[in-house]
Each structure stands twice: as structure tokens, then as C-alpha cells.
Amino acid sequence: EAAVTQSPRNKVAVTGGKVTLSCNQTNNHNNMYWYRQDTGHGLRLIHYSYGAGSTEKGDIPDGYKASRPSQENFSLILELATPSQTSVYFCASGDAGDSSYEQYFGPGTRLTVL
Amino acid sequence: AQKVTQTQTSISVVEKTTVTMDCVYETRDSSYFLFWYKQTASGEIVFLIRQDSYKKENATVGHYSLNFQKPKSSIGLIITATQIEDSAVYFCAMRGPITGNTGKLIFGLGTTLQVQP
Chain C
58 EAAVTQSPRN KVAVTGGKVT LSCNQTNNHN NMYWYRQDTG HGLRLIHYSY GAGSTEKGDI
118 PDGYKASRPS QENFSLILEL ATPSQTSVYF CASGDAGDSS YEQYFGPGTR LTVL
Chain Y
23 AQKVTQTQTS ISVVEKTTVT MDCVYETRDS SYFLFWYKQT ASGEIVFLIR QDSYKKENAT
83 VGHYSLNFQK PKSSIGLIIT ATQIEDSAVY FCAMRGPITG NTGKLIFGLG TTLQVQP
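For the protein sequence lines, the chains are C and Y, in the order given.
For the first sequence, counting from 1, position 78 maps to 135 in my numbering; every step adds exactly one.
For the second sequence, counting from 1, position 44 maps to 66 in my numbering; every step adds exactly one.
What the hints contain is simulated information worked out from the structure, not anything from laboratory work.
One or more of the hints may lead you astray.
Here are the simulated DSBU-like cross-link-like pairs (lysine-lysine), alpha carbons at most 35 Å apart as the crow flies [what the hints assert, rightly or not]:
#1 Lys25/Y to Lys114/C
#2 Lys38/Y to Lys114/C
#3 Lys94/Y to Lys77/Y
#4 Lys92/Y to Lys77/Y
Based on the sequences and whatever the hints tell you, model everything.
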């Protein structure tokens with residue numbers, strides 16, 4: 058059973074519209090992450106969270122907000138979507154205190170901004 | 023700054039042979055962790071194997087093993103007895119020490135492996 062799920066899996070949005078990408082994890086990990094994947098850039102970190110109520114900026118946070126209302130849920134918000142935000146977005150969970158140290162990824166959301 | 027470089031863009035091998043994928047990294051941390059992930063054609067990203075910088079032994083999981091050469095800042099992935107289903111994009115990644123670290127991963131750009139019958 059998938060431990061990290063994302064919704065929607067595909068999304069088409071209009072320029073200037075608001076987009077919310079949702080992520081849920083059942084790993085009971087403290088940390089959660091949002092990445093985007095683009096050809097030529099690989100996976101880049103947008104925002105992350107240490108736990109409920111916390112959000113931190115990653116390497117490319119401009120144009121994005123994040124929300125962590127609970128241990129299980131982490132959302133990525135595009136208040137004013139632009140075509141440059143067309144990408145595949147991955148959520149991941151992990152735990153600095155976990156002996157495994159690695160991150161576990163969701164299936165990804167393909168976002169197209171027209 | 024931390025950096026991960028995968029110089030091989032793509033590799034093609036015949037099934038049942040062994041393939042090695044290269045990865046070099048840059049870090050100032052004395053303790054760090056190195057990972058390899060596999061991204062399948064469906065887009066799923068799966069964790070494969072990890073190497074802790076303080077361990078001298080190369081990690082092995084199933085038909086995946088690592089060639090960790092710390093003085094060269096190199097962590098190669100070796101896949102033995104390759105199968106058609108090993109065809110995928112393989113990413114090398116690094117994270118800093120556990121204490122006080124965000125846990126964020128720095129990824130290379132990936133190597134596409136095609137296994138031919």
C-alpha cells in the first residue's frame with residue numbers, strides 16, 4: 058500500500074489561477090518535501106517541513122507557498138500560476154531521526170499551466 | 023556548496039551483463055549519506071541503496087552494489103545480471119549529517135539505462 062500519495066495526479070491550470078497540490082503520507086515521518094522535476098535540472102527542492110505547522114524554503118521557493126496542517130499532510134500552493142511552473146511535482150517524506158535516512162516519494166503530479 | 027554530478031547521460035547494455043553508473047559529489051561535511059534512486063517509465067521514484075560516509079564497506083542490496091571511493095568523492099552504482107526491467111533513469115543523491123540537518127537531498131541529473139534483450 059502506497060505510503061506517500063499525491064492529488065491530483067494531473068492538473069491543467071490557467072495563468073493567474075490558484076493551484077493547490079496535496080500530499081499525504083502514512084510513514085509517520087516528521088519531514089516532508091516538495092520537489093519539481095524538469096529536464097536538464099533534475100529534482101529541485103521547493104519547500105520542506107519539519108512537522109505540523111512548520112514550513113521552510115528550499116532552493117527554489119519563489120512563486121510557491123506551502124502548508125503543513127498535520128503530520129500526514131503537506132500542500133504546495135501556487136497563488137498565481139505561471140507557464141514557467143509547468144512541471145512534474147513530487148512530494149516525499151523522510152525523517153532525520155529515522156535510522157534509514159532516505160526519503161520516500163509519491164507518484165508525482167503533472168501540472169500544466171496554460 | 024554541495025553538488026552531485028552524473029557524467030553519463032545514457033548507457034545501453036545487453037541483459038544479464040553488469041553495468042556501472044558513475045557519480046561524483048562535492049561536500050564540506052565530514053559526515054554525509056549517499057543514495058541511489060531509480061525512476062521508472064511510469065515516473066515512480068524508488069529508493070535503491072544507501073552508503074554512509076563513515077562506513078568503509080560498500081553497501082549491497084540484492085543485485086545492486088556500490089563502489090564507494092571516498093578519496094575520489096565517488097559513489098558508483100553497480101547492477102549485476104541486468105534485466106529488462108532495470109531499464110530506467112538512475113539518480114545519485116546526497117544529504118548532509120543527521121544532526122541539525124534538514125534532511126534535504128541534492129540530486130544529480132540522472133543516467134538513463136537501457137537494457138536490451
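Cross-check of the supplied hints:
1. Lys25/Y to Lys114/C: Distance of about 19 Å is within 35 Å: holds.
2. Lys38/Y to Lys114/C: Outside the cut-off at roughly 44 Å; violated.
3. Lys94/Y to Lys77/Y: holds, 15 Å
4. Lys92/Y to Lys77/Y: holds, 10 Å
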